[in-house]
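> Two chains, two frames, some hints: make the complex.
In order, the protein sequences belong to chains A and B.
Position 70 (the first sequence) corresponds to 70 in this note's numbering; numbering is contiguous.
Adding 145 to a residue's 1-based position in the second sequence gives its number in this note's numbering.
Fair warning: there could be bad hints in the mix.
Some chain B residues near chain A, calculated using beta-carbon distances under 7 Å [unchecked claim]:
no.: 1; residue: His177
no.: 2; residue: Ser180
no.: 3; residue: Val183
no.: 4; residue: Val246
no.: 5; residue: Tyr249
no.: 6; residue: Cys255
no.: 7; residue: Leu257
no.: 8; residue: Val281
Honestly, the hints are just simulated from the structure, not real lab data.
The structure displayed is predicted, hence computed values, not measured ones.
Even glycine gets a Cβ: it sits at the ideal position worked out from N, Cα and C.
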Amino acid sequence: MIIEVLLVEDSYGDVRLTREAFRDANQSVHLNVASDGVEATAFLKRFGAHVHAPRPELILLDLNLPKMDGREVLAQIKNDDSLKAIPTVILTTSDAEADILKTYRLQANCYLTKPAQWDAFESMVKSIHDFWLTKGKFAQQGSRV
Amino acid sequence: MAIEVLLVEDSPGDVRLTQEAFRGANTSVHLHVASDGVDAMAFLRHEGSHGSAPRPDLILLDLNLPKMDGREVLAKIKGDDNLKTIPTVILTTSDAEVDIVKSYQLQANCYLSKPVQLDEFETLVKSINDFWLTKVKLPQQKSCA
Chain A
1 MIIEVLLVED
11 SYGDVRLTRE
21 AFRDANQSVH
31 LNVASDGVEA
41 TAFLKRFGAH
51 VHAPRPELIL
61 LDLNLPKMDG
71 REVLAQIKND
81 DSLKAIPTVI
91 LTTSDAEADI
101 LKTYRLQANC
111 YLTKPAQWDA
121 FESMVKSIHD
131 FWLTKGKFAQ
141 QGSRV
Chain B
146 MAIEVLLVED
156 SPGDVRLTQE
166 AFRGANTSVH
176 LHVASDGVDA
186 MAFLRHEGSH
196 GSAPRPDLIL
206 LDLNLPKMDG
216 REVLAKIKGD
226 DNLKTIPTVI
236 LTTSDAEVDI
246 VKSYQLQANC
256 YLSKPVQLDE
266 FETLVKSIND
276 FWLTKVKLPQ
286 QKSCA
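Looking at chain B on its own, in the form it has when it is part of the complex (with noise of 0.2 Å):
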């Protein structure tokens, strides 16, 4: 079974790493990007050329995004009943006490701060596919109660 994970970053380095990261850890995950805030809520929303976008099982987001900020793209989400139930897991490489305690206000459900060698990149990566898509039981697509 495909497990959707919707990745929301600008940069393209970063992409490609986790694209080859989740490809040497679990074939089951079909990644999705969203390079800035707008098209991750058109994505979610299936608005524009997004139509027949899935729901993801997970959200990877960066918080400083062009456009619209990944702190304002996780109030909607939050915010928004249908989406709320989408674990949503910020991907940043801010470990300022403010951007932590904010998300978490927020309701991000885990905040992890993007390491800058290579191989520790690869490994938090491996541990987001070993604990999220392994361990933790995720709500079932499309439910919504």
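Bound conformation, chain A alone (with noise of 0.2 Å):
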């Protein structure tokens, strides 16, 4: 079974570690990715190029992106009575107080900043994929109440 990440990221060197990550850690997952605020919407809302987009099974959202910040696509994620159920993990540079509580105010599911060594990343993600997307349970695709 394909397991759909939405990763909404505007480093380029980021989301290049986090999909040789994803690689290394599951051949299963298929890791989408918007590159700013808006695009992470459309895509979410399949409006314009992404009509066809897959539903994803678990969202890893920076804060600090283009167009349209990370705290404003979480608000719209978690308003939104057809995507609030999606798992959306807050995966920032950043590790201010004011942001880690803001972002559970806003309902993320849990909040998680990137370290800067290669090898902690790496094993940042090992750890994403081995507790969201192998111990914790998530909703089928589609499925609503």
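See below:
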């Protein structure tokens, strides 16, 4: 079974590292990338070029993004009845307490900070994989209450 | 630094296994137990004999509970501006799609199903410790911006 993950990340390097780490961890993960907040919401709402976009099982969301901030993307996801059940993990360089608290208030599912070192970054992606995609139960694609 | 975890669980056997697994994984974890939904809410709201209860860093919540159901406890936590930032992980024997979707709709932070085998149960508790209490950034206690 293919596991669809949406990575919302504007740093080309971080996208590449994440892709490589997922590839090593699990061949079934299909990593979709949106490089700004507007593109992320277009993907999730299947606007424009994203009309055939899959519903992701997991969203990895950076906070500092061009066009539309990650906090605003998160608020849109968690205020949309058809999207709010998708687990949304914040993955950002910020470890500011204000960001941590604000995103939990907006109902982020969890908050992780990106390590600066490559091997620690790889190990973080592996932890996300091992915990969320192996231990965690997520709703089947398209399931609604 | 002590990490306060509230386990809401009515099965004494599962409480004991969870206590033992945390003891093996992380001696900083201080596990508090509420054996029904009413007791859990009293703990979180410092009511009755829970006047000096600490604010938990993490809540582990079973779904099927006496007096007040785990789904209702979850809805109350996530509907309370003061409590909603506490990460709440569902830990239940149910792996019914309807429970998974409903819990995520109610803004559970994560959904895990309890394994039947003892060693797998221990591994799961260790994963919760490794991921939620080690990798994840949790909001600081008492913060309520």
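> Please go over all the hints and tell whether each is borne out by the structure.
Now the hints, each set against the structure:
A cut of 7 Å between beta carbons decides the hint on histidine 177/B: the least distance to chain A is about 20 Å, and the hint is violated. Contact between serine 180/B and chain A, as hinted, is not supported at the beta carbon level, the nearest pair being about 24 Å apart and thus beyond 7 Å. Evaluation of the valine 183/B hint against chain A yields a violated restraint, the C-beta minimum of about 25 Å exceeding 7 Å. Annotation: interface hint on valine 246/B holds; nearest CB of chain A at approximately 5 Å, less than 7 Å.
Interface restraint check for tyrosine 249/B: the shortest CB-CB distance to chain A comes to about 4 Å, inside 7 Å, so the restraint holds. Of the supplied interface hints, the one on cysteine 255/B holds, with its beta-carbon coming within about 6 Å of a beta-carbon of chain A, less than 7 Å. Hint status for leucine 257/B relative to chain A: holds, with the closest Cβ pair at about 6 Å, below 7 Å. Checking valine 281/B against chain A by beta carbon gives a least distance of about 5 Å; that is within 7 Å, so the hint holds.
The earlier numbered hints that this structure contradicts are 1, 2, 3.
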